[in-house]
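Trainee: Chains as they are written, first to last, in the working numbering: chain D, 70 to 311; chain Z, 39 to 102.
No wet-lab data here; the hints were simulated from the structure. Beta carbons are placed, not taken as given, at the ideal position from N, Cα and C, and that holds for glycine. Some hints could be false.
Unchecked claim - Rough simulated footprint, nothing fancy, chain D against chain Z, three-plus residues with beta-carbon under 8 Å:
#, region
1, 59-66
2, 75-83
3, 87-99
As the list claims (entries may be wrong) - Reference listing, derived: stretches of chain D covered by chain Z, where coverage requires no fewer than 3 residues with Cβ under 8 Å from a Cβ of chain Z:
#, region
4, 105-119
5, 291-302
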Amino acid sequence: MLDQHVRTTVSLLGGFRLAVGAETAMVAPGCQRLLAFLALRGTCVRRRLAAGTLWPESSEDRAHASLRSAIARLQRAGRGLVDADPVDICLAERVVVDLRTARHAADSLLAPTPRPLDPESVRTNVALLSRELLPGWYEDWALLEAENWRQLRLHALEALAARLVATRQFGAAAGAALAAVAADPLRESAHVALVEVHLAEGNRSEALRAVERYRRVLHAELGLEPTPHLVGLVAGLHRVAS
Amino acid sequence: MRRVPVGLLVVRAWVEPGSADPLRATIRLTTDTAAGFTKEVSVSEVPAVTEVVLAWLEEIVGDS
Chain D
70 MLDQHVRTTV SLLGGFRLAV GAETAMVAPG CQRLLAFLAL RGTCVRRRLA
120 AGTLWPESSE DRAHASLRSA IARLQRAGRG LVDADPVDIC LAERVVVDLR
170 TARHAADSLL APTPRPLDPE SVRTNVALLS RELLPGWYED WALLEAENWR
220 QLRLHALEAL AARLVATRQF GAAAGAALAA VAADPLRESA HVALVEVHLA
270 EGNRSEALRA VERYRRVLHA ELGLEPTPHL VGLVAGLHRV AS
Chain Z
39 MRRVPVGLLV VRAWVEPGSA DPLRATIRLT TDTAAGFTKE VSVSEVPAVT
89 EVVLAWLEEI VGDS
């Protein structure tokens, strides 16, 4: 039977996982999709919408039957994960969703007056913001959310790197900038963030190397050169560095 | 029942400010989602995007 005091978490970042306390709970694929969909929506949804979205290739009757089956399986498991009535279905309020925590962290980082950061929250933020949303899921509703999350986390990582530079926490700043580069190696603003970390630290040769690495990647992938803005950041350093 | 493979192609396109060739497009594709994405390419010109899309569609038709 459900223990209301046990923390239940639906994780969507880095892959789907349902955890009850510290234990991973096994969930059938249809139930995983339902939990992930509800976790992404963050609000109650009409059963009709859930059925049509999650089982788009089935007839309406069959999609509703699949939804009823998924709800019944989750309720039989006694975990109290979903609240369902004849019209709506919701993720139970007490269920923690890692994406909500991560989005909150990203929004805080992008706020005009962000809150102070301690080293532990920096580590947690970088770890959360480094993870893809539901990698390997190809449903339309998941792909769109994954791309939205990617954009948000890239902006947040770059903002985090800039804030850490401002407080002279260069190691953590480089970590955040590198996470942004890893998330999208062709996006120039991430490389700019990294170069700015190196320059702020007075590490000119690293800044030059970072530009050179990006130049090679861009040339190999697209046959293009970095923009004058990025090149300008290290212009004049060659003679000094050599 | 025979499973019918479903192809998927996702183009993520953005504009890189300040670049003389500002379009960036990363294309991930597969001819069967059960296998996951099998190819990822990056291009910077519109005709290159359409070329990848056409080749992918032709592969799907050829596989049927």
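Trainee: Against each hint, give a clear statement of whether it holds in the structure.
Mentor: Right, here's what the structure says about each hint:
Counting residues of the region 59-66 of chain Z whose CB lies closer than 8 Å to any CB of chain D gives 3, so the stated coverage by that chain holds, three being the minimum. Coverage of the region 75-83 of chain Z by chain D holds. Counting CB-CB distances below 8 Å, 3 residues qualify, and the rule asks for three or more. Under the rule that three or more residues need a Cβ within less than 8 Å of chain D, the assignment of the region 87-99 of chain Z is violated, with 0 such residues. For a cut-off of 8 Å, the count of residues in the region 105-119 of chain D with a CB near a CB of chain Z stands at 0, and the three-residue condition is violated.
Given as covered by chain Z, the region 291-302 of chain D passes the check, having 6 residues with a CB less than 8 Å from a CB of that chain where 3 are the minimum.
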